[in-house]
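In case you want the letters, here they are:
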Amino acid sequence: MHTIFGIPAPLLFGQLLLGLINGGFYALLSLGLAVIFGMLNIINFAHGALFMTGAFAAWGLLNYLGLPYWYALILSPLLIGLFGLVLERLFIRRLYGLDHLYGLLLTFGLALIIEGLFRNAFGSSGMPYQIPRSLSGAVNLGFMFLPLYRGWVVVVALVVSLATWAVIEKTRLGATLRAATENAALVQAFGINVPRLVALTYAGGVALAAFAGVLAAPIYSVNPNMGSNLIITVFAVVVIGGMGSILGSIVSGFGLGVIEGLTKVFYPQASDTVIFVVMAIVLLARPAGLFGKTA
Amino acid sequence: MRALDATPAAAPARSALGAPRAHVVAMGVMVLFVVLAPFILYPVFLMKVLTFALFATAFNLLLGYVGLLSFGHAAYFGMGAYVTAWSVKVLGLTPELGILLGGLTGAALGLVFGGIAIRRQGLYFAMITLALAQMVYFFCVEAPFTGGEDGIQQVPRGRLFGLIPLANDMVIYWVVAAVFVGGFLFLYRIVHSPFGQVVKAIRENEPRAISLGYRTDSYKLIAFVLSTFLAGIAGGTKSLVFGIATLTDVHWSMSGEVVLMTLVGGLGTVFGPALGALIVTAMENYLAPFGAWVTVTQGVIFVACVLAFRRGILGEIAARLKLDL
Amino acid sequence: MGITRRSILGGLALGGTGLALAPRPSWAQSSKKLRIGVLNDQSGPYRDVSGLNSVVCVKQAIADFGASAKGLEVEVLSADHQNKPDVGAAIARQWFDRDGVDMIIDVPTSSVALAVANVCREKNRVYINVGAGTAELTGSQCAPTTIHWAYDTWMLAHSTGGATVKTGGNKWFFIPADYVFGHDLERQTSQFVTEAGGKVLGHATYAFPGTTDFSSFLVQAQASGANVLGLANAGADTQNCIKQAHEFGLTQQARIAALLMFITDVHALGLETAQGLVLTESFYWDLNDKTRAFTARIKDKTPNNYPNMVQAGCYAGTLHYLKAVSALGVDRAKASGAEVVARMKATPTEDDCFGTCKIREDGRVLVPAYLFEVKKPSESKGPWDYYKLLVTTPGDQAFRPLAEGHCPLVKS
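Chains as they are written, first to last, in our numbering: chain A, 1 to 295; chain B, 296 to 620; chain C, 621 to 1032.
Treat the hints as calculated values from the structure; they're not laboratory data.
Just so it is clear, CB atoms sit at the ideal spot from N, CA and C, and this is done for glycine as well.
One or more hints might be untrue.
[To be verified] If you only want the chain C side, here are some residues facing chain B, beta carbon under 10 Å, derived: (1) Gln662; (2) Gln702; (3) Asn738; (4) Asp798; (5) Glu815.
[Said to hold, decoys possible] Derived coverage of chain A by chain B (criterion: at least 3 residues anywhere in the stretch with Cβ under 8 Å from a Cβ of chain B; other residues may be distant): (6) 97-110; (7) 265-279.
[To be verified] Non-contacting residues of chain C with respect to chain B, defined by C-beta distances greater than 12 Å in every case (computed): (8) Ala699; (9) Gly708; (10) Arg718; (11) Phe812; (12) Ala843; (13) Arg875; (14) Asp920; (15) Thr967; (16) Asp972; (17) Lys1031.
The task is simple: from the sequences and hints, build the whole structure.
Structural data, given as structure tokens:
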């Protein structure tokens, strides 16, 4: 059998593909973080908790209302997005113009509250959620056995990421948003309701997290701790891509997924740490991240 | 990074010692508390408070006075704890040497990491320190001497200077109290020295400090190493008190905890971080019976802290009273 | 003058906050009240495995014993150790020093379990561990104050590992969590597998905690050609592995041996995914009339979950402890934990959950080990009707032989 670095080539290709799929989750989550940071200048530490709420919303929609996966994919981000609007109105709004540290502390507090409440309500051992029938099964790619659902995840993550990028970089709405972050007063003077725009941005970022949550529900255990394990990694992904850079978070999300996947073959114990090694190297070589603008 | 809400300093009344009178009084109250508390409160809990108070005060030297947010201070605290525990248990060093070795480990690590990290500012500084600390965490998980998940357990408290046995809680309490008060006074002296003034100038306006001819990087690095030295001392002391050094001490959530203590107490205040350590530790301790509600309560307090007491509790009091605490 | 007064106020805030939190000084209490501390995970991954249901079971044991009718006053304390050994040890210390606790029970997570065992030995207080897996508690780290109840890694490896090889599962691939518990479980199971003539083809140790995606390891397992996937982990990690093994079609090629799995995990996965899994527990609510009666008594108080072996162990442990205390008298029981434990070892246990069992001199409770298979959805007749009993290993064969444990208490 053909081998690369002592690993059979088919296995290596398989791992690359799996890494890419995981990268899809990182990309979606870090995208939400990057949008919120880019537009609001807030580090949303509650992102992991909101990702978890998205997954739970999917579970709740199925269990209480009988609405299957496909409805959840739309409804859960909407619901959690609305919740995001409430959070923005009640808490986040008061942070604008303050140091990052306060945003970090407040959203960290929110994450603790949300996760704690879910733990009290649902326990910690998790909820069952099945892969939708139409996506169960797998295809044999020759070098590996690819579950259809994983293929769906990577495609959908890529499409949603690129669509978000296109909206922000290529549309009028996106242009207004970017202008509002540069100079809110001026945009306001043009008759645009900047606070509403900002609130909707937060809701949008949060909805992306919830969307990732629904995508994750069938393959990961739906439990209250599912987000807190992820947040610090996703945070690193955003930094590597360049804080606030949309394209950066997409590229580094997928890229780090692949790097992590390869680490799982060669030195699995370090798969958690490799992202931080990359982060340290990137920050030393390119202080503002791969795609960030140097301040 | 935008400027933090630093506590405004009113023209302070000075005592004969040259320190503002408010500081002398607050210091007196604090020492009185340290001396009297073990007769009322559970000494082991107090020792935990004191070690965290030292840790938070050391951390505050960086965040509050130099304006550097290190998000990896657990690495120095935790490695201090491991090295002290290991040297006392395996090498059979006396406790004071063990703690000193813990502090030196923190300082050595701080010298290397600080040297790398101070080339970056603001959030990027925070992220580099976090990345380096995560590597230390990984090292601690994998290295055989740390005992992995079990940690180093059954660390003997030993005899101070080889003479005084520390097994009794009240005896070791006075040692911990001395370490805390000593470390606190040391930090106080640094902050209020010419070195401290330069460091504060760097926080306020680094380009200006450079143009005045100060090598700001060296100043930052010295402050960093001092802070990590005391963090190592605090970690080492904690591992002796509890007879255990574990991964908890090097995990990133410990880095988060010390940020919280500092913010809750009052960033950039002299006494705030110690008060924050008392509050956060007391919260964890006295809320433990409420199980899962602890995290919810903590969350509520952090949110309230940001919304209502942004300067931290002592910072808020100081601002109301127009005092510099 | 004004400044001084104000600064005193400022300084007082520092001292005042501390003093306001001053607890009642209760170490002076010398009443005959017994205090039982339930120390477990109430907010993390093992919350449903132990948590508040363990507290309920301890209280049920006190009620079933008829403590108040016998003139015994018993108070139950509980706390969350967050799965951190230092937190667990600190709470234990505080309970003994300040709150006058006489016995600590449950304590899942091996690292915390060992730390608390050391504190209990030092303070001469009774320690009934139920929730943790490490066989060290009755091995090289055994103590005259420790009793280990429901299961341990050796028993799981022996029961699940041994039975799987016997029925043709002879090519193993392990996915262990990178900490002591995972390594122990893998090592002990590997030993049984090779002794029984099976082979270990490979393993992928993953970073713990923090790993949620196991697909990479599952694909490695697939490539190895193994016919058994040995999961040396617990809780959400095990669930994730099983979910994803289905997804990758690994279940067509290999069976899954979940080396530590509780009924609560099966419930979380759902029978659709969990069917066919083979696992070991020492208690199942639907085992016999007595276990059903026990479950009926506590079901109303544990609305979300049926009891598992850990919670049943908390019940049985408390009951046996109370019997020993009332035989010795409260004063003697409070004076020496080791004496209570010696008494507990001298008398066989008798309860609804585990029946009659012996406690060995190293502190091991010799409960029978049951190998279960998870039912198909079509076989399940009601809520929580999940297990089919395959094999029963009697208590005296289920655990590591005394001589192999190297417990210093055992004189050979």
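Please check whether Gln702 (chain C) passes as an interface residue: C-beta within 10 Å of a C-beta belonging to chain B. holds (8 Å)
Checking the smallest CB distance to chain B, is Phe812 (chain C) really beyond 12 Å? holds (23 Å)
Checking a non-interface call: every C-beta of chain B should be farther than 12 Å from the C-beta of Arg875 (chain C). Is that right? Holds, since 28 Å exceeds 12 Å.
Per the stated criterion, does the least C-beta distance between Asp972 (chain C) and chain B lie above 12 Å, as a non-interface residue requires? holds (27 Å)
Far enough from chain B: is every CB of that chain over 12 Å from the CB of Thr967 (chain C)? It holds; Thr967 (chain C) is separated from chain B by about 31 Å at its closest Cβ, greater than 12 Å.
Non-interface claim for Asp920 (chain C) versus chain B (Cβ beyond 12 Å): Holds: least Cβ distance 20 Å, greater than 12 Å.
Using Cβ atoms only, decide whether Gln662 (chain C) comes closer than 10 Å to chain B, and label the hint accordingly. The hint holds - Gln662 (chain C) has a Cβ within 10 Å of chain B, the shortest such distance being about 3 Å.
Restraint outcome when Glu815 (chain C) is required to lie within 10 Å of chain B by C-beta distance: With a minimum Cβ separation of about 26 Å from chain B (threshold 10 Å), the hint on Glu815 (chain C) is violated.
Verify the interface restraint on Asn738 (chain C): the C-beta must sit less than 10 Å from at least one C-beta of chain B. holds (5 Å)
Beyond 12 Å on every Cβ pair: is that true for Ala843 (chain C) relative to chain B? holds (25 Å)
Going by Cβ atoms, does Arg718 (chain C) stay more than 12 Å from chain B at every point? violated (5 Å)
Confirm or reject the statement that Gly708 (chain C) sits farther than 12 Å, beta carbon to beta carbon, from all of chain B. violated (9 Å)
Comparing the model with each earlier hint shows violations of hints 5, 8, 9, 10; every other hint is respected.
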